[in-house]
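Enquirer: Listed here are the chains, written in short residue letters.
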Amino acid sequence: MTVNGEVVTRDVEARLLLVHFLRDELGLTGTHWGCDTSNCGTCVVLYDDEPVKSCTVLAVMAGGHDVRTVESLEWEGQLDPVQQGFMECHGLQCGFCTSGMLMSARALLDRDPDPSEATIREAISGQICRCTGYASIVRSVRWAAEHPAGGVG
Amino acid sequence: MQVPAPVEYARAISVEHAIGLLGRLGEEARLIAGGHSLLPMMKLRLANPEYLVDINDLHAELGYIEVGPTEVRLGAMTRHRELLESDPLAAVCPIFRDAERVIADPPVRNRGTLGGALCQADPSEDLSSVCTALDASCVIQGADGVRVVPMDDFHRGPYETAVGHAEILTEVRIPIRPGGSSAYAKVDRRAGDWAVVAAGAALWLDEHATIADARVGLAAVGPHTTHLPEVSRALRGREPSEAAWELAGGIAASACRPVTDSRGSADYKRHLAGELTRRTLRTAWERARERGGASWR
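So the sequences go chain by chain: A and B.
Sequential numbering of the first sequence, starting at 2, is according to my numbering.
Sequential numbering of the second sequence, starting at 317, is according to my numbering.
So that you can see chain A by itself, here it is in the shape it has in the complex (with noise of 0.2 Å):
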């Protein structure tokens, strides 16, 4: 498969799960491994360009396919709009939610530059905050969209 772009090859059992994949084999730990049961949502990868739960994927179903984890969003030190709205919004608290809504945050986007609070709402329903930040992390989807630059300007 391709990770955050590049191509990987291993030979893996074929119960290993995506997340686990990512966490142990590749040492992409920026994936966080939550609930196991497809709740939580924190495992959240881009599978094809589009929002999943690792957790409920296996590696082997991944082949030939496209994945990109939270560590794909930096690039050449330059934050994604999004983490850098998650920071400019206080998006975290704890930070155990926030690579997987960085992911579904960045797929939305990607597909609805300008998405209203109900679409992002909706967007990261899937998705559990324990600390109950969801305003913040709301506001921070929308101030990446407001900057789509980044934080410059």
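Think of the hints as simulated: they come from the structure by calculation, not from any bench.
Heads up, the beta-carbon is just placed ideally off N, CA and C, and yes, glycines get one too.
Accuracy of the hints is not assured; some may be wrong.
[Claimed, not checked] Stretch by stretch, here's where chain A covers chain B in the computed footprint (C-beta under 8 Å, at least three residues):
#1 357 to 370
#2 415 to 429
[Unchecked claim] Far from chain A, by Cβ distances over 10 Å, these chain B residues were calculated:
#3 317
#4 318
#5 320
#6 322
#7 324
#8 460
#9 507
#10 508
#11 545
#12 571
#13 581
Got chain A sorted already, so can you dock chain B onto it with the hints?
Expert: What follows is chain B alone, placed relative to chain A:
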């Protein structure tokens, strides 16, 4: 930590290939589509297949929504999100968009499939009630050919369908009859949770704007509620009215067999079954009138 037991994995490249693999690998082989029912069950060791046959590469072949003048054909690999976003499907079967809005959550809808949901036949699952309300039929393919099974026979009870070993559900066919529309409603505790209770209704008006036929299905209130024939019998030939919805709601409430659990008491669920039946029939009727134009008013 929840992980599946050791399992062998193969990818199918066509429907025939999948059927051949299932036949060769034996009874302990299972198809995996979106995986959002099977993988959680494998993690809990409630399902312990020896082989998984991955059919995601068949999305190109089996992921389609074809809306024709008399029939809608849905490929079994059509994902929840595709069902949600299809405007042509929502125009003829608005029940799909109603239901898909409240099925799981966006990342799950990106993977889960129509066929996977129907074949899982979870008693709290929504699309079995949706397809049964629409009087759909399922196309099942095996080594010996293809058979078409109405939803009433397809859905045999919790976790049980008419799909046999080495067979695959390939398509769902929904007849389009004039004067009809549909609706779905669910009560859940939070976004993405299983239903406390859900109801789907489809209704068809004749040329005099009386009810030619109506079908109601419930989810999460017992093993055999995807179709309530007694509601259909009571509504056929009646004038659409609050009294008719009231009658249907009462029948639905007494026909279901909810159990008390963490989502609510049996009495509360029975109340919801009645109320959601009334609401979905009312909405289906309003939509049928809108679609029919002046002649139905």
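Enquirer: Hints broken by the structure, by number, lowest first?
Expert: Numbers 3, 4, 5, 6, 7, 9 and 10, in rising order.
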